[in-house]
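Colleague: Respectively, the protein sequence lines represent chains R and L. If you read the first sequence in our numbering, its first letter stands for residue 316, the second for the next number, and so on. If you read the second sequence in our numbering, its first letter stands for residue 240, the second for the next number, and so on.
Treat the hints as calculated values from the structure; they're not laboratory data. Predicted, not measured: the structure shown is a model, and the values here were computed from it. Wrong hints could be hidden among the right ones.
[What the hints assert, rightly or not] Residues from chain R shown here face chain L by an in silico Cβ test under 8 Å; the list is partial:
id : residue
1  : F412
2  : R419
3  : R431
4  : P600
[What the hints assert, rightly or not] Label-pair restraints from in silico Cβ distances:
id : chain 1 : residue 1 : chain 2 : residue 2 : range
5  : R       : Y368      : L       : G327      : 26 to 36 Å
6  : L       : F248      : R       : Y368      : 26 to 36 Å
7  : L       : A333      : R       : A616      : 53 to 63 Å
8  : R       : Q541      : L       : E402      : 55 to 65 Å
9  : R       : A383      : L       : L341      : 47 to 57 Å
C-beta atoms are modelled at their ideal positions from N, C-alpha and C, and glycine is treated no differently.
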Amino acid sequence: MTLALKRLSRHFPDIAALDDVSLDIAPGEFVALVGPSGSGKTTLLRILAGLDYPDEGSVTQNGQDFLAASARERNVGLVFQHYALFRHLTVRENVAFGLRVRPRRRRPSRDQIRARVDELLKRVQLAELGNRYPSQLSGGQRQRVALARALAVEPDVLLLDEPFGALDAQVRTALRRWLRELHEELELTTVFVTHDQEEALELADRIVVMNKGRIEQVGRPHEVYQDPATPFVCEFIGRTNRIALERRGDTWGAGGWSLPAGAAGGLFRSAVGYVRPEHLSLLVPEGQPAWEAKLRHVYLAGSIAHLDIYVADIDQTLEVDVASEDLARLALTPGVALRVAPTRLVAFPLGDGPAGVPVVGERWIMRRQNTEQS
Amino acid sequence: MRRRVLPGFGLSLGFAVTYLGLIVLLPLAALAWKASDVGFAGILKLLASPRTLAALKLSFGGALLAAGINVVVGLMVTWALVRYRFPGRRILDALIDLPFALPTAVAGIALTAIYAPNGWFGRWLVPLGIQVAYTPLGVLLAMVFVGFPFVVRTLQPVLQSLEQDVEDAAESLGATGLQTFLRVVLPTLVPTLLTGFALALARAVGEYGSVIFIAGNIPLRSEIAPLLIVQRLDEFDYATAAALGVVMLAFSLVLLVLVSALQRWTRRWAEQSA
C-alpha cells in the first residue's frame, strides 16, 4: 500500500499552495505534515482525500493512479479539525453512516452494522453515549466519534486535518497518546496535518516539514530535531538561538567565542548558526573560547528550567535549558556571571547577496566532544 | 433563576405581554366577541353553506399548495444564490424582496394584465388550454408570488452557515451527491424550511389585495374566504363577517400549531445541548 506522490503542484490565484512536492508514504506509517499556515500541508491532505486535485504531478498507490479515483471511491478515512459530525444524527448513526450509504449489494446487514458500530464505539471508549447527539458531547468525545466514523469503512489510509487543534491542552495530550496506541494496534497508514511541531515530534514515525508549498525536510523526529536541513526547519521545529557568525581566517566565530581553527570551508564570508537551548554549556573553563554572559531570568517549568542569559559581546539574549535539579548545584541565580559556549551548533553559510539568503544545500554541524562542564 | 449580566427580565416581559395584549389579543378578542352575536349554531350554519365551504377550501388549500411550491422553488433559488457566484447574483438577491415591498393590489393588477386571455403571457397560454386569470390557478399564482420571499429569506442565513466540511466528510465516507443532499444537507434544513413554509402559508391565507384582481371572484370557483368577509362587511353584516373571521382564525391556528410541532420534532437533535 505504498503511496507515491510525485512532483505535485497546486496553484491558487495568488499563491502556489504546492510547489513540486514528492513524497513516499510506506504502508502502516504514521506521517506528520507540519508547517505554518499557508505552507500547503492541508492542500496536500485534501489532494490525498480527493477533495482537491493537483495542477501537475501524480499520486500512485501500488503503481495505480490514485487521483483517478473520486473521493468516495478512494477508501480513505478523514477527520477534520472541527469534527464535521452530522449534527442531526446520533453518535451511532454517525458511525454507521459510511456503511449505510453503500450500494445495496455491498451494504452489510442491519445486524452486521449494529455489531460493527458497537465494536467501534467500544474502541473509542464511547459505548455508553451511542444515543446522544453530537451537541451533547465534549470536544474530545466528538473527535473520537469522528474517528470511529472514519474507521467504520475500514479505510486504507487515515487522514487527519489538525485533529486536536480545537481541543484544550490536557484533552489534546491524552488524545494524542491514545491515537498513537490506536495506530500501533491497527497498523493503519496515517497522515496527519498539524501546525504544532511538538505534536508532530511526539506522534509521528516520520515528519514532513513544509514551508511555502515546498518540503523543507523529511525525516524521523530525532533527525529533524537534531539535524535540521534548513534554517527554516531550525526555527520551526523546537526552540533555538540564532547567532550571526563571521569569518575569522580559517574559522568562524561570534564575539568572544570561535570555532576551533580550520573549521571554515568554502569561500563564504558570513554564516548563521543555530544552537538549541540544551546545547549551551554555561561554565566553560578560562582559556577556552566562550562568551562572557550574565544570567537574567530563571523560569522554572517543572523538571526543566528555562534561563535567559545576556551576552554583551554579541548584544543578544540567549535561551538556555538546564535540568531543574542542576540550578542549585551550578549556583544559577539571576545576576551571576557565566562563561557560555555552544556544545552543538548547526550553521548555514549565507550567500553574498544583500539579503543574506542561505546557500541551498550547504550545512555544517559542529559538535564538541568533551560534553559536560563543572 | 440564573443571574444575568443585563437586568430587565421583569421590564421586558411586562412590556411584551402588554404590547401583545394591545396589538394582537385585544383585536382578536373583539372579533370573537362580535362573532358571538351569531353564536355557535350560526357558525355551523355558515359552514354548511357550499359557498363558504368552497371559499375556505380555496383559501386554505391554495395557501398550503402555494407554501409547498415556495419551499421547493425557494430551496432551489436560495441554493443557487448561496452556493454559486455568477454575474447578476446581487441583482437576483435584491429582486427576491420585491413581493414584500410592492403594494399587493399593484402586484394583483400586474399579474392579471400579464395572464389575462389578452395579456402578454395569457394569450399564448390560453390556446394551450391553460387559463390562469379568473381561475383557482390564478389564485395559486398570486399566493406563490406573495409568499416566496419568506422561504428564501429564512433559508438563506442557515444555508450560508452550513459547514463545507460536513459535506466533504459525507463524500469521503462514500456517499453520492444525492445521498449527501438527502441524508446530510436536507435534514439540517428541514426545521428552517418548515419556518419558511409556515410564514408563506400564513401570508397566503391572509392575502387579499393581489388575489382578488386575478381571481375573478366567481362564487364556488375562484372566490377566497377573505373576500366573503369583505362582502359581508359591505352589507353591514358585521356579525357574520366576524364569524367567518373566527373560523379562519381557528383553522390558521391549528395549521400553525401543527407546523410548529413538526418543527420541534425535526429539530430534536438540537433540543438539549450539553
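Colleague: Does each hint hold? Answer for all of them.
Modeller: Verification of the supplied hints:
1. F412: At about 6 Å, which falls below the 8 Å cut-off, the nearest Cβ of chain L leaves the hint on F412 of chain R intact, so it holds.
2. R419: For R419 of chain R, the interface hint is violated, since the closest Cβ of chain L sits about 13 Å away, which is over 8 Å.
3. R431: 14 Å, violated
4. P600: 59 Å, violated
5. R:Y368 - L:G327: 26 to 36 Å: 29 Å, holds
6. L:F248 - R:Y368: 26 to 36 Å: 55 Å, violated
7. L:A333 - R:A616: 53 to 63 Å: 59 Å, holds
8. R:Q541 - L:E402: 55 to 65 Å: Once the Cβ atoms are compared, 40 Å apart, the range 55 to 65 Å for E402 of chain L and Q541 of chain R is violated.
9. R:A383 - L:L341: 47 to 57 Å: 53 Å, holds
The structure fails to meet hints 2, 3, 4, 6 and 8 from the earlier list, while all remaining hints are met.
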